[in-house]
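Mind docking chain B on chain A? Use the hints.
Protein chains: 2
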Amino acid sequence: MATAYKTIGQRTRRLDSPPKLTGTEKFTADMSLPGMLHARIVGSDLAHGRILSIDKSAALDMSGVVAVLTNADLPIHRDENDIPAAELLAAEEALHVGHPIALVLAETEAAAQDAAELVVVDMEPMPVVSDLHEAIREDAPRVSADKAGAFEDEAAMHNADAAGSAEKQEDLPPNVSNSANFERGDIDAGFAEADEIVELSLTSAAIHQGYIEPQVALAAPDAFDKLTIYTSTQGAFHGRQKVSDTLGMPLDSVNIVPMPVGGGFGGKFVLIEPLVAAAAKAVNRPVLLQYTRSDDFLAGNPAPECAIKIKLGAKRDGTLTALDVDLLFDAGAASGSPLGIAAILVGGYYRFPNLRIKGYETKTHRPSSGSYRAPGAQQATFAIESAMSELCDRLGMDQIEIRLLNCAEEGDLRPNGGEWPRIGLRQTLEALRDHPAWQQRDAAKAQGRGIGVAVGGWPGGIEPASAACRLDGDGKLTVMLGSVDLNGTNTAFAQIAAEGLGTGVEDVRVQTVDTAGAPFAGGTGGSKITYTVGPAVQKAVEDAVEQIKQIAADHLEASPEDLELVDGGVRVKGVPGSSVTLKEIARMSMSTGKGHMPVQGRGGSGIATQAPGFAAHLAEVSVDDLTGVVTIHRYVAAQDVGFAINPATVEGQIEGGVLQGIGWALYEGMPYDEDGQPGASTLMEYTLPRARMAPPIETVLVEVASEAGPYGAKGVGEPPAIPGAAAIANGIKDATGVRMTALPIQPAAVLEQLG
Amino acid sequence: MATAYKTIGQRTRRLDSPPKLTGTEKFTADMSLPGMLHARIVGSDLAHGRILSIDKSAALDMSGVVAVLTNADLPIHRDENDIPAAELLAAEEALHVGHPIALVLAETEAAAQDAAELVVVDMEPMPVVSDLHEAIREDAPRVSADKAGAFEDEAAMHNADAAGSAEKQEDLPPNVSNSANFERGDIDAGFAEADEIVELSLTSAAIHQGYIEPQVALAAPDAFDKLTIYTSTQGAFHGRQKVSDTLGMPLDSVNIVPMPVGGGFGGKFVLIEPLVAAAAKAVNRPVLLQYTRSDDFLAGNPAPECAIKIKLGAKRDGTLTALDVDLLFDAGAASGSPLGIAAILVGGYYRFPNLRIKGYETKTHRPSSGSYRAPGAQQATFAIESAMSELCDRLGMDQIEIRLLNCAEEGDLRPNGGEWPRIGLRQTLEALRDHPAWQQRDAAKAQGRGIGVAVGGWPGGIEPASAACRLDGDGKLTVMLGSVDLNGTNTAFAQIAAEGLGTGVEDVRVQTVDTAGAPFAGGTGGSKITYTVGPAVQKAVEDAVEQIKQIAADHLEASPEDLELVDGGVRVKGVPGSSVTLKEIARMSMSTGKGHMPVQGRGGSGIATQAPGFAAHLAEVSVDDLTGVVTIHRYVAAQDVGFAINPATVEGQIEGGVLQGIGWALYEGMPYDEDGQPGASTLMEYTLPRARMAPPIETVLVEVASEAGPYGAKGVGEPPAIPGAAAIANGIKDATGVRMTALPIQPAAVLEQLG
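Listed in order, the protein sequences are those of chains A and B. Under this note's numbering, read the first sequence as residues 1 to 755, first letter to last. Under this note's numbering, read the second sequence as residues 1 to 755, first letter to last.
Chain A with its partners taken away, still in its complex shape:
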């Protein structure tokens, strides 16, 4: 861009760095309120069992224990037909190991913990459905009575594309809670004209979001049945609605105070708030529930396991002719999975004249699945990008050229029939092609390394948003937001505001306000906050600037059109001497008798156009043929970010996403045995990538401006977490000739494949 910006586009220190870097940030669990009780959940030992009785007596006898609550003790709203709005604790049946059955409330955390172990739950074992393929059989035992899909809402928050995309079918097997079905062209004819066909069967394990700060919320009731809930959440307004619906409280009786988030990654879109709120109401005291790490594994909302069969056909020149995919997603104990998104993306990156995509989501006796940074995209991408590389190898083509040949561009259709808007998939591939790591691939290969390439894309979330701002008495602008600050979003908004105001970032403040007083904004997730809240901030600041100019015009006896904002003040264009500072204007705006009004801006955004973000990754890997251990030596991530408002945080986002992709590819996984018993419930059993597992990561920012985003910016959160598994698997194939199809790719499996 030719325009010279002053603050946007500049590497800017994150506003939230000081407290986070110095360890002095106050998180929810650091809070304490007078009379506050600590809560601990009592979870099910069985993956499926009928609750016969709950003996609270030993727990209640413990000193410091105030209550042991079961579902019946909670003030859950019931509708006119006496149907409860939710089951916050397992009432009759526990549906997975760790399913919360009771909540112990005590004066101290230690007492709550000790007492939780004394609660005796007598259960009758019931048939367990643990395996996905078993689960979808017509004759499978039913996981639970409930069948309705509940994920739609949340999927829409992440990705508008998914809303309503998964078609409902009548004759689904009993545990199947959702299905997807897309067809285009003639699939048989497509394969018939193919010169080469690849078929792969892939799996991806359940993955935990891996945030450092576990789920935590503190609910404090007041004397008027109002609740203030301090919570580590990605979606304050969403949480308000959920608590309000669940407890049957008026919206304004619930105030969500969004606290600093110690990692969310999609896993903090309201999980425990209704339970904590209900508990606080039940005992009329503040209640703090912080999950233990085990709670978070057993009763969190991880990314689901899935199995994908993919069949790909192409002509000799690399032109794709047909795609046939079968998706099977776990939903866990309650319905809901990112099946719809996966179904669209698996067939969306490339032009397929003929395709058939069919998917099932099934319930199992596992924790209900949730969102994890690019839900559905990682699994779908692992499938399509493994298959593409496999096909490429068989055709003897160049990995990047075959992708450039087929890649979707503006106007191409997604499997659901929707047209792609302007996207930067081609440009990221070109950036990767031009990168030294690709150019020098022969040198790497000569060292026995493999080069894996994969692309990934995210349709991009949209949700209406609003912002407000106010010129304070000291001449600084305060931006008030209802969106939660994650990964530097507030810093980007400060830059946007400062740019509009003609000042530096230090003259702008960004204030996350609780739901009682905040402008509405959607959840922070789905790569949409900068994209949707950013324009609202821009407009709010423009609104304020107009008012600032009007006051300045009165003061300087000039016309507002002749004024410009520079260096923290307003001046008559071309007359440097004729100026007034923002502080003077602020004072005038709040001074009695001058006829001015306080400067107060508001802006909204109702973007209906998605701005999909694409990334092309390259992993340079080697495999130790004695141990099977995979080492990543170099990693390149090219990403179309539209416009990098703060390149430093955008790069940070990309690096973090890459590392999560590496975790997904090589280390992470939550296995379940046939009894539904989890194989990972601590960080000893669940391997998050450590610093030594992080390769040097090179980022390349590609800027294909979006239409609606602020200064062309697009969401950058999801895309970097998508292509990792495929890129690494493709690198392993390139290095060893072995195609790994099950995530995580563990050394033992590699060794076995290597023979």
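It should be emphasised that the hints constitute simulated quantities derived from the structure, not laboratory data. There are no misleading hints in this set.
Which copy? The list can't say, so a pair holds if one copy fits it or any two copies do.
Lysine-lysine pairs mimicking DSS-like chemistry, simulated, CA-CA at most 27 Å apart: (1) Lys281 x Lys20; (2) Lys226 x Lys583; (3) Lys226 x Lys20; (4) Lys358 x Lys309; (5) Lys26 x Lys281; (6) Lys26 x Lys226; (7) Lys733 x Lys311; (8) Lys594 x Lys573; (9) Lys445 x Lys733; (10) Lys573 x Lys583.
For chain B alone, kept in the frame of chain A given last:
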């Protein structure tokens, strides 16, 4: 008015009634934070003394005592010349009895109280200036070194008219900190043409605001030098500025959370917040300071004592010819008094062709004076309205007719040369004249009762204000405000918002937001909140309604101009079937992909025109000639309120004001002896009117619409507290022939006068 309003103008239950009526409201002192310390002040025993030493040791030895802070211990900001921004505790000299010298911080209130008594302050007595007339002598001992006036700011907040009105003079006696000087016409010629001249010398005691909840604030520091201050305040943003200035903190490092106010009446415009904030910063722990009742008497900010000499001349027909007034106001230990307002009002109610008004404000060794509901107006009105009645008696005229003959109207000049805008003084007098209590005065007199009449007016405060609103997911509108809710202001705003929205009050919420996120608004005082914030609310709602109509228009496929808001929805005019509810619109506005934006309104007001409010009161009294006890049998208050948005709360305001006027007239007073020792430091020694002292009060609402107020409304807070003392004194004169000139009018004095 012919327009049919739906919610405004209706008697509406106050939104804050339930918690206040049930005693469950949570006030500042009900709060407790982890680690919170309780503070207690150590006040001076002497009215003037040099602090030689402060021995903290015994106090610090007490269990639970954490600190004993003196002024030197407080982190008060110093400017580049090392001049401190304030002296929060007496540093070298104590200037009045109760002047805070040290602050004890302890784990419990009891420990703080006990320890405060163990702090030994060694002081050297210094000359005490207690009497006002002594204080203004050229050779009087200096009260303190400081001379600059500090009241201007606050006076302007109450009453724009006062700002800058008091002229500065060069050769003032040493303790005189301000003066007023107004002249018009030829005063000598004026008295020369008078047929009757009245001269009175009147005094009014210092009066405490008498709020039930003492001064209280809780300051909580965080790890980043930010302070959250929960406080019973009338002015949140004003408090933020004061704390910021005093401690040298950036504005956004101070967040004022306005708590429910248990009575303010002008006395809670930031008194203890800077001290509590400084203490909290000094020890880096939350600090709660709640004044004891004694603290509040000794270290509060009461209405000042004053002495007024007034001379009034008139022709036989009642036409006024001249006014000569000398005002003497106490400022207490620091400069600042409502002298300027009093000087304007004493000569402002009537047309005086010739006048001379001269006033002094003097410092004394008493607590610094503050604002009390209509500061300066009560004293000035007691003088002018006593003199008017006296004159009327001598002329043998009708008390109301003489006032109607001379009363100021739109365009008449105030002593400071400013023109009165449209006022309702005449109309309130006419309303009183037509009232049965006046019409049947002969019957009352036949029972030995006296009928006293007096008028009073308040110029009306103005200050820029802003408001925001938001349509919530349940279709209800939340109005967000930075103004503090007092006496039903938020209820009036709910009515204004509901009227604009075409709904009932139950579909509107009003949220007082802390200074971190609130739209700017001035202090709640000076009879200006409904007048100035009201239009901001109106505009914010109009802004929202425009957006609502736009969404409805899209949905109904109609033009926004063809739509109307009725019954919680929007419909096409004349097409009842074609409608959409606010809830549906709210949902659409926040739904993804529809292209709508969240509905969010903002509005500001920068009113430059005052809307003075006038009241005419009638007191029917009798005097027991054995005891001197005055009984009020009937009380009528006619008041021009412009437009009564909520008649119920307006009447409540009037009744409360009348009762405060009665307290001022007959019961309340804070005397000081020559050593500056107070005669009242508890509610045993200071008589607030009790229920049995409250006569039946009849209110008459007169509605002379203001130009700028919402629906013509004017401020209603101050006027009802103004004419009381004069009306009652005039009633006593009417009943007994005795003119009482010293407030409070106590039985002994009445007996003495009766002989």
